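> Single-letter residue listing:
Protein chains: 2
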Amino acid sequence: MSRSSVNRPAIVLLSGGLDSTTCLAIARHDGFDPIALSFRYGQRHDVELVRAAEIATTAGCEHVVVDLDLGAFGGSALTDPSIAVPKHDRVDDVDESIPVTYVPARNTVMLSISMSLAEVRGAADVYIGVNAVDYSGYPDCRPEFIEAFEAMANLATRAAVEGRRFTVHAPLLRLSKAEIVQRAVELGVDLSRTVSCYDPSSEGRACGRCDACLLRARGFAEAGVVDPALLR
Amino acid sequence: MSRSSVNRPAIVLLSGGLDSTTCLAIARHDGFDPIALSFRYGQRHDVELVRAAEIATTAGCEHVVVDLDLGAFGGSALTDPSIAVPKHDRVDDVDESIPVTYVPARNTVMLSISMSLAEVRGAADVYIGVNAVDYSGYPDCRPEFIEAFEAMANLATRAAVEGRRFTVHAPLLRLSKAEIVQRAVELGVDLSRTVSCYDPSSEGRACGRCDACLLRARGFAEAGVVDPALLR
Chain G
1 MSRSSVNRPA IVLLSGGLDS TTCLAIARHD GFDPIALSFR YGQRHDVELV
51 RAAEIATTAG CEHVVVDLDL GAFGGSALTD PSIAVPKHDR VDDVDESIPV
101 TYVPARNTVM LSISMSLAEV RGAADVYIGV NAVDYSGYPD CRPEFIEAFE
151 AMANLATRAA VEGRRFTVHA PLLRLSKAEI VQRAVELGVD LSRTVSCYDP
201 SSEGRACGRC DACLLRARGF AEAGVVDPAL LR
Chain R
1 MSRSSVNRPA IVLLSGGLDS TTCLAIARHD GFDPIALSFR YGQRHDVELV
51 RAAEIATTAG CEHVVVDLDL GAFGGSALTD PSIAVPKHDR VDDVDESIPV
101 TYVPARNTVM LSISMSLAEV RGAADVYIGV NAVDYSGYPD CRPEFIEAFE
151 AMANLATRAA VEGRRFTVHA PLLRLSKAEI VQRAVELGVD LSRTVSCYDP
201 SSEGRACGRC DACLLRARGF AEAGVVDPAL LR
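Just so you know, the protein sequences line up as chains G and R, in that order.
First residue of the first sequence: 1, per our numbering; consecutive thereafter.
First residue of the second sequence: 1, per our numbering; consecutive thereafter.
What the hints contain is simulated information worked out from the structure, not anything from laboratory work.
A portion of the hints provided could be inaccurate.
[What the hints assert, rightly or not] Here are the simulated distance ranges between beta carbons:
{"hint": "1", "chain 1": "R", "residue 1": "Arg174", "chain 2": "G", "residue 2": "Glu162", "range": "18 to 28 Å"}
{"hint": "2", "chain 1": "G", "residue 1": "Glu147", "chain 2": "R", "residue 2": "Glu162", "range": "19 to 29 Å"}
{"hint": "3", "chain 1": "R", "residue 1": "Glu186", "chain 2": "G", "residue 2": "Gly60", "range": "57 to 67 Å"}
{"hint": "4", "chain 1": "G", "residue 1": "Ser202", "chain 2": "R", "residue 2": "Arg232", "range": "46 to 56 Å"}
{"hint": "5", "chain 1": "R", "residue 1": "His88", "chain 2": "G", "residue 2": "Asp67", "range": "27 to 37 Å"}
{"hint": "6", "chain 1": "R", "residue 1": "Val65", "chain 2": "G", "residue 2": "Ser82", "range": "15 to 25 Å"}
{"hint": "7", "chain 1": "R", "residue 1": "Glu203", "chain 2": "G", "residue 2": "Glu162", "range": "33 to 43 Å"}
{"hint": "8", "chain 1": "G", "residue 1": "Arg8", "chain 2": "R", "residue 2": "Glu144", "range": "45 to 55 Å"}
[Claimed, not checked] Output of the computed footprint for chain R on chain G, the stretches with three or more beta carbons under 8 Å from beta carbons of chain R:
{"hint": "9", "region": "57 to 69"}
{"hint": "10", "region": "127 to 133"}
{"hint": "11", "region": "158 to 172"}
[To be verified] Computed from the model, here is a short list of chain R residues facing chain G with C-beta under 10 Å:
{"hint": "12", "residue": "Ile113"}
{"hint": "13", "residue": "Arg121"}
{"hint": "14", "residue": "Pro139"}
{"hint": "15", "residue": "Ala156"}
{"hint": "16", "residue": "Ala160"}
None of these values were measured; they are calculated from a predicted model.
From the three backbone atoms N, C-alpha and C, an ideal C-beta is built for every residue, glycine too.
Please construct the entire structure, taking both the sequences and the accompanying hints into account.
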């Protein structure tokens, strides 16, 4: 059930990071009534789910968590404890090829499940915070992937057969990390509880040296904004 | 790990029904070393998972089961106990529009997860037993859906970026149920443990009156074969 009968519902994929939290605010700004969707997918840590729940509560929206243990397959440093998360001293050392933190087909799987939830809730819109600029190494963060997914989705669902066009919104796709920070600030998003780190402490403290931490730090620096998560 | 180092691996979606069991045999016949993939997706009953495990063992292949609770979303008679499975006395009464047994985006979700498993296991081939003839009411059983999924998958994965083309095999797509039965008999598939029923007893006995039972019965009748599952 949506909390408002005025706005149309939209599913927003919410990891609890900077990008998806900004995406949630953009969905609201676009006039939708967001339903946040997170996954327990065999992450090394539950911190991001705790944070996602807090962020959804702050945003006043429903939060759906789906259990999906892709970690059982292995193959990524984000879910397989036997693969180390790469750490660097400087952002320039971040490798631009496909990183070991890539979870096979993760965005495809998450978008597919969001399609399912959308259909059940009568939504025709899904938001995903993928970004092609800082994450050029991930094949499923490219604009052509998003377009192909949308084309497939419009053949796959009962809603599409009945004429309701399914739209994948990726409003951060062509933004730099600094531009995402600026957008979040403009929309008044509270970024203090967001966690981007691939390898945080159990309290959610960022390691400061993984690719995600280094790219986030550069984004805040370039935007001229102090990262509020560091002030807590 | 595949059991054979000779053949290439392929992921085969296995529900434990007639179609997917035949598909598994076709993958083997095509020269692949199948890895069977099943889902615990909030089905009303676990019988089909028990049967899928037996069928995989008989076929000598690994069986991977992924927990994925789409039942929590509701929206389908196959996962939502508050929606009744439709029953009919005659196969001609089976409704040709989108049935209430449709699970929103199920094939998309299952194919997406099979992509993930394929990538982790170094497979570039997935088999799915969808059928456009008897299940014309399901949007995600149509040939154009399969083609669109494959196009999307070839943009989504590391394997595709590295030049290994991902292929979705849907060998039953244009076969009638009778032709599927004939193909299974030609390949020597043991169909006695397959369960197609949407609403079986806890021992796996078919109800005989749901759409799946009626279409299966007509298929065997038209093929001139006695359904071995009825003889047990």
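> Run every hint past the structure and note whether it holds.
Right, here's what the structure says about each hint:
Look at R:Arg174 against G:Glu162: about 25 Å separates their beta carbons, and that is inside 18 to 28 Å. G:Glu147 and R:Glu162 have their C-beta atoms about 21 Å apart, which keeps the hinted 19 to 29 Å range intact. Checked against the hint of 57 to 67 Å, the pair R:Glu186 and G:Gly60 passes, with Cβ atoms roughly 60 Å apart. Hint check: G:Ser202 to R:Arg232, Cβ distance near 52 Å, so the stated range 46 to 56 Å holds.
Separated by about 35 Å at the C-beta atoms, R:His88 and G:Asp67 satisfy the suggested range of 27 to 37 Å. A hinted range of 15 to 25 Å holds for the C-beta pair R:Val65 and G:Ser82, which are about 22 Å apart. At roughly 38 Å, the beta carbons of R:Glu203 and G:Glu162 sit within the given window of 33 to 43 Å. Look at G:Arg8 against R:Glu144: about 27 Å separates their beta carbons, and that is not inside 45 to 55 Å.
Only when three residues or more bring their CB closer than 8 Å to a CB of chain R does the claim for the region 57 to 69 of chain G stand; here the count is 5, and the claim holds. Residues of the region 127 to 133 of chain G lying with their CB closer than 8 Å to a CB of chain R number 0, which falls below the three-residue condition for coverage. Residue count for the region 158 to 172 of chain G with a Cβ under 8 Å from a Cβ of chain R: 3. That meets the three needed, and the coverage hint holds. Given the 10 Å rule on beta carbons, the hint for R:Ile113 holds: about 6 Å separates it from the nearest Cβ of chain G.
Residue-level restraint check for R:Arg121 holds (minimum Cβ-Cβ distance to chain G is 8 Å; threshold 10 Å). Evaluation of the R:Pro139 hint against chain G yields a held restraint, the C-beta minimum of about 5 Å falling below 10 Å. Hint status for R:Ala156: holds, given a least beta-carbon distance of 5 Å to chain G, under 10 Å. Hint status for R:Ala160 relative to chain G: holds, with the closest Cβ pair at about 7 Å, below 10 Å.
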